[in-house]
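Q: Chains E and H, in that order, give the protein sequences. Each residue of the first sequence is one higher than the one before, starting from 217 at the first, in this note's numbering. Each residue of the second sequence is one higher than the one before, starting from 217 at the first, in this note's numbering.
Please keep in mind that the hints were generated in silico from the structure rather than gathered at the bench. Be aware that one or more of the hints could be misleading.
A pair counts as met if it fits within one copy or between any two copies, since identical chains are not told apart.
Lysine to aspartate or glutamate pairs mimicking DMTMM-like chemistry, simulated, CA-CA at most 25 angstroms apart [what the hints assert, rightly or not]:
(1) Lys265 - Glu300
(2) Lys239 - Glu287
(3) Lys265 - Glu255
(4) Lys239 - Glu261
(5) Lys239 - Asp277
(6) Lys292 - Glu255
(7) Lys265 - Glu235
(8) Lys292 - Glu273
(9) Lys265 - Glu306
(10) Lys239 - Glu306
There are 2 protein chains.
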Amino acid sequence: MILEAGMLQVRQGAEADFEATFKAASHIIVAAQGYISHELRRCIEVRGKYLLLVQWERLEDHTIGFRQSPEYQEWKRLLHHFYEPFPTIEHFEQVTLSQC
Amino acid sequence: MILEAGMLQVRQGAEADFEATFKAASHIIVAAQGYISHELRRCIEVRGKYLLLVQWERLEDHTIGFRQSPEYQEWKRLLHHFYEPFPTIEHFEQVTLSQC
Numbered sequence: 217m218i219l220e221a222g223m224l225q226v227r228q229g230a231e232a233d234f235e236a237t238f239k240a241a242s243h244i245i246v247a248a249q250g251y252i253s254h255e256l257r258r259c260i261e262v263r264g265k266y267l268l269l270v271q272w273e274r275l276e277d278h279t280i281g282f283r284q285s286p287e288y289q290e291w292k293r294l295l296h297h298f299y300e301p302f303p304t305i306e307h308f309e310q311v312t313l314s315q316c
Numbered sequence: 217m218i219l220e221a222g223m224l225q226v227r228q229g230a231e232a233d234f235e236a237t238f239k240a241a242s243h244i245i246v247a248a249q250g251y252i253s254h255e256l257r258r259c260i261e262v263r264g265k266y267l268l269l270v271q272w273e274r275l276e277d278h279t280i281g282f283r284q285s286p287e288y289q290e291w292k293r294l295l296h297h298f299y300e301p302f303p304t305i306e307h308f309e310q311v312t313l314s315q316c
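Could you put together the complete structure from these sequences and hints?
A: Encoded structure:
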C-alpha cells in the first residue's frame with residue numbers, strides 16, 4: 217500500500233469553492249483502479265492550505281493507471297486551476313503505523 | 217479530531233538510525249494525553265524525506281499537553297538532531313474523509 221500525499225495551496229478566496237468542487241469530483245478518484253481511500257484536510261495555521269492523502273494499492277495505480285486515464289483529464293479540469301503554486305505530489309511507503 | 221502533519225527531512229546518511237530511533241521513541245508520544253494514532257512514512261521520490269502524521273483528540277493535546285510535558289524534552293533530545301532543516305509542523309481538520 218502506498219500513500220500519495222501533497223500539500224495544496226488554494227488561491228485566496230477560492231477555498232469554499234475548492235472544497236465543494238473537491239467533494240463533487242471525489243467520485244472520479246474513488247472509482248480509479250487500485251484506489252483504497254482518501255482524505256482532504258484543511259490547515260488550521262495557514263489559510264488556503266490543505267493536505268491531500270490518497271491510499272493506493274500500488275504506486276503505479278496512481279502514477280500510471282490514474283494519471284493516464286481519461287478520467288484524470290476531468291479531475292485536472294475541475295481542480296488544478298485552484299492551486300497556486302501547483303503542488304508537489306509525492307508517494308510514501310510505510311515505516312511505522314499505529315492506527316485504526 | 218486533529219491531524220498533526222509534517223514533512224521531515226533527515227540528514228543524509230542518518231535515515232536508518234532515524235527510523236530505528238523513531239520506533240524506539242514512539243512509546244513517548246503513544247503515552248501522551250489525547251494521542252489517538254500515528255504513522256511515519258518514507259518518501260519514495262526524495263531520499264531522507266518522511267511524512268509524520270499524528271492524530272490527536274484536540275489541538276491542545278499536542279500544542280500544549282505534549283509540547284509542554286517533560287516527556288517532550290526526551291522526544292526532542294532523541295529525534296530533533298536528525299532534522300535538517302527543522303520541519304514545519306502543522307495541524308489539519310477534516311474536510312473530506314473516506315477511509316477505514
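Q: Checking against the hints above, which ones are violated?
A: none
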